Amino acid sequence: MAGKRDLKRLLPFAFVIPLLLAWEAASRSGLWNPLLFPSLEKITRELVLFFSRPEMIHEAWVSLYRALGGFALAAAVGVPLGLVMGRSRFVGELLDPLFSGTYAVPKLALFPIFVFALGIGSLSKVALVFLECLYPIVIVTSQGARGVNRVLLWSAGNLGASGAAALRRVVVPAAAPFVFAGFRVALPIALIVVIITEMISSADGLGYLVMYSLSSLRTDRMLAAVVVIAAIGWALDKALVVLRNRLVYWEKLDTYYV
Amino acid sequence: MGLARAAALVALLVVWQIAVVSGAPEFLLGPWQVVKHFVEALGTRELYDNIGASLGRALPGFFLGSVAGIALGLAAGSSRAFDQAFSPAVFLSYPVPKIVMLPLFMLWFGIGETSKILVIALACFYPMFINAYYGVRATPKVLVWSALNLGAGRARVFRRVVLPAALPQIFAGLRVSLALSFIVMFAAEMVNARTGLGQLIRIAENSLRFDLMYVSLITIAILGYAGDQLLALARRHALAWQGSAT
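As they're listed, the protein sequences go chains A and B.
Going by our numbering, the first sequence wraps up at 284, each residue one higher than the last.
Going by our numbering, the second sequence wraps up at 933, each residue one higher than the last.
Any given hint might turn out to be false.
Stated by the list, open to error - Here are a few chain B residues that sit away from chain A, every Cβ distance over 10 Å (derived from the structure): (1) 691; (2) 708; (3) 843.
Stated by the list, open to error - Chain A is faced by these chain B residues, among others (derived, beta-carbon under 10 Å): (4) 712; (5) 726; (6) 911.
Hints are computed from structural coordinates only; laboratory data are not their basis.
Just so we're clear, the structure is a prediction, and the values are computed from it rather than from any experiment.
Virtual Cβ for every residue (Gly too), placed ideally from N, Cα, C.
Bound-form chain A, shown alone:
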């Protein structure tokens, strides 16, 4: 069995390795300008350079802390808000149309206004990340809170639990898998929004590094930055899944996704 599991782990690379080989072939064929397909060796060298230079690490850190800052704020506001919307009919019916009505509206359009209000630095980006992450967290959490098994709540009440105790011991655990499902949607969005806003207007961060490398025709450096962004996105998701399986231990995630 162990051998089979190891084989399964390698499966994603069955697709990646031919892709890398094709890349290298394209770069060596001489059909295209080497700027379009920098060789793997050059990209790797830039990657090594990336991790050996503190100012590059700093760029990654800036992006990461903007993404996580906005995400943490959205979680801190979104989870209680979602719980209240799910448990209180009045609040739910008042706020539901607001969230579902503006769900499909790209919040990114507010970015220029945020820049004027909060400056071109981190604050405007964190605010936009907060806004974009709030939606999935609130919507999915309120679904979870609404779907709590009534029998459990009645039992808790019968056994003498106060409203606060029932909330803490029944509603929160029942909604927890939904909360994490919302987090799982929101976390990649946080990174996307940070990268986009840094590409649009910024003087630091990985998104800026990508655009700066492109405009100075250092495509190998640009691709190294793209690899770093992809790795951060993947690592954040993995970390969230590990955390989720620790905290929501009674309901295992065994699929690839949600």
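With the hints as your guide, set chain B onto chain A.
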């Protein structure tokens, strides 16, 4: 309830207008001014040209990405061999922000339409693939067995049992993809474009034309909302048999 909602909305607008009148910064226009500028812009050709350019990117990208995502997602959900060969790569790259491919596509295909449409298609592909995949996987096995028992062939089972069972999930994916296509379209236009609503908001920002900024904002909001409503309408038609569609 409707009354409480309307009252909350009116209160919000009144507070907003009062805040602006009593001395807000220049970039905050009141609701009244926003509506006035928007109505004015509706009479200009410029707005429609930009809407056309934006939709000309978002819709082909959405279409390409959704079709590819649904087709491959259905295939991966139904065929174990294809699932094992293809799905791990998709799930591995799922949390990676797809917008980082935009500079690369700009490099390969130029800064014109192709690179933008492709990055929109790529962003739309993922939610479609995952929803179609799980839609197929969630088909009740009993239904498939019954159909097989009643003598239906594999193709027929797929068309009459699996596809209808996956349809609600596919619509859920379409909703996410459509919203994403607008976001990525806007982002791509803000990064680099000569036309479109994203570029309009960039010009407005750089030349401090706050009225144009709000016009672009309201337009994209209306387009996003209208697209979502159209999709909900299509969903209600396609899933009429499902009863209480949420």
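So, going through the hints one by one against the coordinates:
1. Once the 10 Å rule is applied to beta carbons, residue 691 of chain B is inconsistent with being away from chain A; the minimum gap is 6 Å.
2. With a closest Cβ-Cβ approach of about 18 Å to chain A, residue 708 of chain B is found to remain outside the 10 Å limit, as its non-interface label requires.
3. At the 10 Å boundary, the C-beta of residue 843 of chain B stays outside the reach of chain A, the nearest C-beta of that chain being 28 Å off.
4. The beta carbon of residue 712 of chain B is positioned within 10 Å of a beta carbon in chain A (closest approach about 7 Å), and the interface hint is therefore held.
5. With a least beta-carbon distance of about 19 Å to chain A, the hint placing residue 726 of chain B at the interface is violated under the 10 Å criterion.
6. With a cut of 10 Å, the hint placing residue 911 of chain B at the interface with chain A holds, because the nearest CB-to-CB distance is about 4 Å.
In summary, the numbered hints that this structure violates are 1 and 5.
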